[in-house]
Amino acid sequence: MQTIIMVINPLTIKKFKRFKSIKRGFYSFLVILTMILASFFAELLVNNRAIAVRYDGKLFFPTYGHMLPGKTFGLSYDYETNYRQLKQKFDAEENGNWVLLPLIPYDPFENDLPEDLYPPHPPSLERQHYLGTDTSGRDIAARLIYGFRIAILFSLGLLGVTYVVGVSIGSAMGYWGGKFDLFFQRIIEIWSNVPLIYIIIIISSIVVPSFWWLIAIMALFGWMGMTWTMRTITYKEKTRDYVLSARALGASNFRIIFRHILPNTVSIIVTFIPFSVSGGITALTALDYLGFGLPPPTPSWGELLQQGWANLDAYWIVGAVILAMTITLITVTFVGEAVREAFDPKMHTIYE
Amino acid sequence: MTTDIHTGPGSSGRNAPLIEVRDLVTSFSTEAGRIKAIEGVGFIVRKGRILGIVGESGCGKSVTALSIMRLLPKPSGVIERGEIRLRGQDIAQLPVEGMNHIRGRQISMIFQEPMTALNPVHKIGRQLREVFDIHRSDLSKAQARTACIELLQKVGIPDPESRMDEYVHQISGGMRQRVMIAMALAGKPDILIADEPTTALDVTIQAQILQLILDLQAETGMAVIFITHDLGVIAEMCDDVLVMYAGKVAESASVKDLFSTPKHPYTQGLLRSIPTLDSRRKTILPVIDGMVPSLFDLPAGCRFQNRCPRAMPICETEPPPLYRVGSGHAVSCYLYDNIKDESAGG
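Protein chains in written order, with the numbering used here: chain P, 304 to 655; chain S, 2 to 347.
The set of hints was computed from the structure by calculation and includes no laboratory data.
The reader is advised that the hints may include incorrect statements.
[What the hints assert, rightly or not] Among the chain S residues that face chain P by a calculated CB cut under 10 Å, a handful are:
1. 113
2. 114
3. 188
4. 203
5. 204
No residue lacks a Cβ here, since even glycine has one placed at the ideal position from N, Cα and C.
Please build the complete structure, drawing on both the sequences and the hints.
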């Protein structure tokens, strides 16, 4: 619906300019945006499939699409080509064939178990495990990046669901007020007191929580925060004169909520988004850490954190996770602060 | 332009009242209990006439307007009693869905503060087009846009095409009120309620806006209910006047009668307190002593008794009814009790 999309008016442009002028927040935004975009193309950066292979004058791009059996490249086996070995072979042969491997040539699910060595392996440039491996020999950098992608998608999905529910119920409460409002206030108060973690334990003992299951459960118990906010804003906005004048022109309730009140609340909703994103990441990590999150072997920061905690002598596991968490949460929070500052209406007015 | 409405049933002849308000009582619930903001208000507006409602702050002018529009703040404001007959149809208790067809199409309203009455996040063109979206969904986008530009031209906005893409904060107060008027007229209403439309504007702009309303009224033949506290504006604009005091009608008359022979002591006091150019400078302006009684603590009899220079014992016990003192001239004051008796007797 076009009305919910932020209206690009001069005031909004001013807000964006303000946001851009807050350097810390703006650069954090660029960092987090790069991280998100990079994670969406993680298959090209972190993968055991090559980006490109040149063999007998033909080019292959194995990243996306069906697996290519070893026979494609003149190897003896029918299962998927091991591109790291293929690269070594081609490099040794020097007959014009070549393999272009991703930056980190490991899959997040792949156990790299060289002979005579027991995982976890410490970071090693030579083996291209830049952050080492975890207790089953999986590359930590690969798992961090794929885990980040899942966490950010989870967080955005959760945000979408909770905001749609929260905004709808909240603006209805604020707009209609009265008994409807009272009823939902009590519902929310009761609902907020349901212990989420027990519910998740119970549910995960019945079904294996998939990505969407987890979003559904978390949203079921997470929509209340936005509802309170929207209720208050709507209460305030509905008494403004423009609502009265829209009414005087014959506008229906639906039209007033969607075309008049909601567009006026967008700037407030936007300021909450970064904090909700970091909240979602933290929540998923915490659940994974406790073992009630996404099932193994899903790459997950929480699961890595737990491994690290159990193997403190393999300091690189816990170190990598904490570093990644810190960078992500700090940048998101910086973005949030800057957005809040840029959208603060008081910032546009100065009394001298 | 409004011919389609006139062929409808229920409108008998040119002079049938467009809107007739009878014995209207509107009350609000407050922490101190229910108070009646207006009590027993009644008037008639015919096609092409301008009725002025005048009175000081809190006398119930705006509540009367909001009651007619059915825009009282819910749930505290309620029309307790009375009829609001729009072309014979009583809309006093009509459900909201029914009102949505009447608002903007049959009755429109313009507000005091054009600054806040327009939505800050929408372009002017879009806000104007909304009226067409609501009432004229048969128009295509291009047609609606043309109609919007025509309307803006009509209300005297220069370069309307580029104004369409501007935001409220980019135009001046006078322009905003013109936009408000354009929005109110977009649905081609029969009745326009103007609730102190010039109070927030400076004097030169005020005159322009008043002239604009007069011109548009003459052009469209709509009826106007003009609410103001400025008797000068009433004299300039209106055909009929309703003087309100503390929620009740004090006097209703044609403009000519009211200014030449004011009957109610309150009206007389109001007229005396207007400074004139030929009075000597720095003379003391006559004022009406005392304060308007609080709606929470109204006197038993006439509400003006505590300030009235001609109060009588009966004023303290019984509220005065409306006495007819001439053609289209009624006054709520016991001073005219015997006149009525005489005329009835003679």
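Given a cut of 10 Å on the nearest C-beta pair, is the interface hint for residue 203 of chain S held or broken against chain P?
Constraint on residue 203 of chain S not satisfied, violated at 20 Å.
Given residue 113 of chain S as an interface hint, is the shortest Cβ-Cβ distance to chain P below 10 Å?
holds (9 Å)
Residue hint residue 188 of chain S, partner chain P, criterion CB-CB below 10 Å:
holds (7 Å)
Interface hint compliance - residue 204 of chain S to chain P, C-beta minimum distance less than 10 Å:
violated (23 Å)
Restraint check, 10 Å cut-off on beta carbons, for residue 114 of chain S near chain P
Nearest chain P Cβ about 6 Å off; hint holds.
Consistency with the previously given hints fails for numbers 4, 5, ordered from lowest to highest.
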